[in-house]
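Student: With chain A held as given, fit chain B onto it using these hints.
Keeping their order, the protein sequence lines are chains A and B.
Position one of the first sequence corresponds to residue 1 (the working numbering), numbered consecutively onward.
Position one of the second sequence corresponds to residue 1001 (the working numbering), numbered consecutively onward.
Source of the hints: derived by calculation from the structure; they are not laboratory data.
Note that the Cβ used here is the ideal one computed from N, Cα and C, for glycine as well.
Please note that a few of the clues may not be correct.
[Unchecked claim] Here are the simulated EDC-like cross-link-like pairs (lysine to aspartate or glutamate), alpha carbons at most 16 Å apart as the crow flies: (1) A/Lys43 to A/Asp88; (2) B/Lys1045 to A/Asp106; (3) B/Lys1045 to A/Glu1; (4) B/Lys1039 to B/Asp1106; (5) B/Lys1045 to A/Glu46; (6) B/Lys1039 to B/Asp1082; (7) B/Lys1045 to B/Glu1081; (8) A/Lys43 to A/Glu89.
[Said to hold, decoys possible] One-sided and incomplete, this derived list gives chain A residues near chain B with beta-carbon spacing under 7 Å: (9) Leu45; (10) Gly100; (11) Trp108.
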Amino acid sequence: EVQLLESGGGLVQPGGSLRLSCAASRFTFSDYGMTWVRQAPGKGLEWVSCISSRGDNTYYADSVRGRFTVSRDNSKNTLYLQMSSLRDEDTAVYYCARGGDYRHLDYWGQGTLVTVSS
Amino acid sequence: DIQMTQSPSSLSASLGDRVTITCRASQDISNYLAWYQQKPGKVPKLLIYAASTLQSGVPSRFSGSGSGTDFTLTINSLQPEDVATYYCQKYNSAPRITFGPGTRVDIK
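Isolated chain A (complex conformation):
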């Protein structure tokens, strides 16, 4: 069964930075686009970013463009989300998911909580 395991969440002050990781296993990571989705407390799902299978195309929601950077290391089967200039409204559970880039999201990780607060 496909596994996705996020890490790197935590408490950070407004204006701070954080890097999330998503370790993938049990599938050929380099064959798939990958996506980050977040969910603020008590709210719905919000798409954050997608990256193509080779990492040569990246896409961002308007709310994070210019502050977040998605990347991947196919040799390590790992997806990343570098977050900077964090705001209170970035507080959410961040999920990585397999798919995006014209593909549905068929597997999701358990999520990692990012709390932005002073």
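Tutor: Showing chain B alone in chain A's frame:
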């Protein structure tokens, strides 16, 4: 940007009822439409993709239909384990992915 709307925002139905949730895209998205189920405190789960294809392992009481701008998720014979919030999602052109606001389903 293409916007996704869902109706109703919430519903209560009796066990065994047939439940229908609608999703509308502001522009034609062909069949690039997926449905997800999120139970309280849990990770979202893919139910249906390409508007009507049932994901492996999903009970057959779930079905999807539609194309273009109007889509439907149907739950035949509502079960206690179906209490959840259901999201539609489009995954065609930029922005690549947009979720609907969700429909909360409870048991009456």
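Student: Hints first: check each against the structure and report whether it holds.
Tutor: To see whether the hints hold, each was checked on the structure:
Annotation: proposed proximity of A/Lys43 to A/Asp88 holds, straight-line Cα distance about 14 Å (limit 16 Å). Between B/Lys1045 and A/Asp106 the alpha-carbon distance is near 8 Å, which keeps this suggested pair within the 16 Å criterion. Distance check on the hinted pair: B/Lys1045 and A/Glu1 sit about 14 Å apart at the alpha-carbon level, within 16 Å; holds. About 11 Å separates the Cα atoms of B/Lys1039 and B/Asp1106, which keeps this hinted pair within 16 Å; it holds.
Between B/Lys1045 and A/Glu46 the CA atoms are separated by roughly 15 Å; this keeps the pair inside 16 Å, and the hint holds. Restraint check: the Cα-Cα separation between B/Lys1039 and B/Asp1082 comes to about 8 Å, which is no more than 16 Å; the hinted pair holds. Under the criterion of a C-alpha separation no larger than 16 Å, the hint pairing B/Lys1045 with B/Glu1081 is consistent with the structure, at around 13 Å. With a C-alpha separation of about 12 Å, the suggested pairing of A/Lys43 with A/Glu89 holds against the 16 Å cut-off.
About 4 Å separates the beta-carbon of A/Leu45 from the nearest beta-carbon of chain B, less than 7 Å, and the hint is met. Given the 7 Å rule on beta carbons, the hint for A/Gly100 holds: about 6 Å separates it from the nearest Cβ of chain B. About 5 Å separates the beta-carbon of A/Trp108 from the nearest beta-carbon of chain B, less than 7 Å, and the hint is met.
Hint compliance for this structure: every hint is met.
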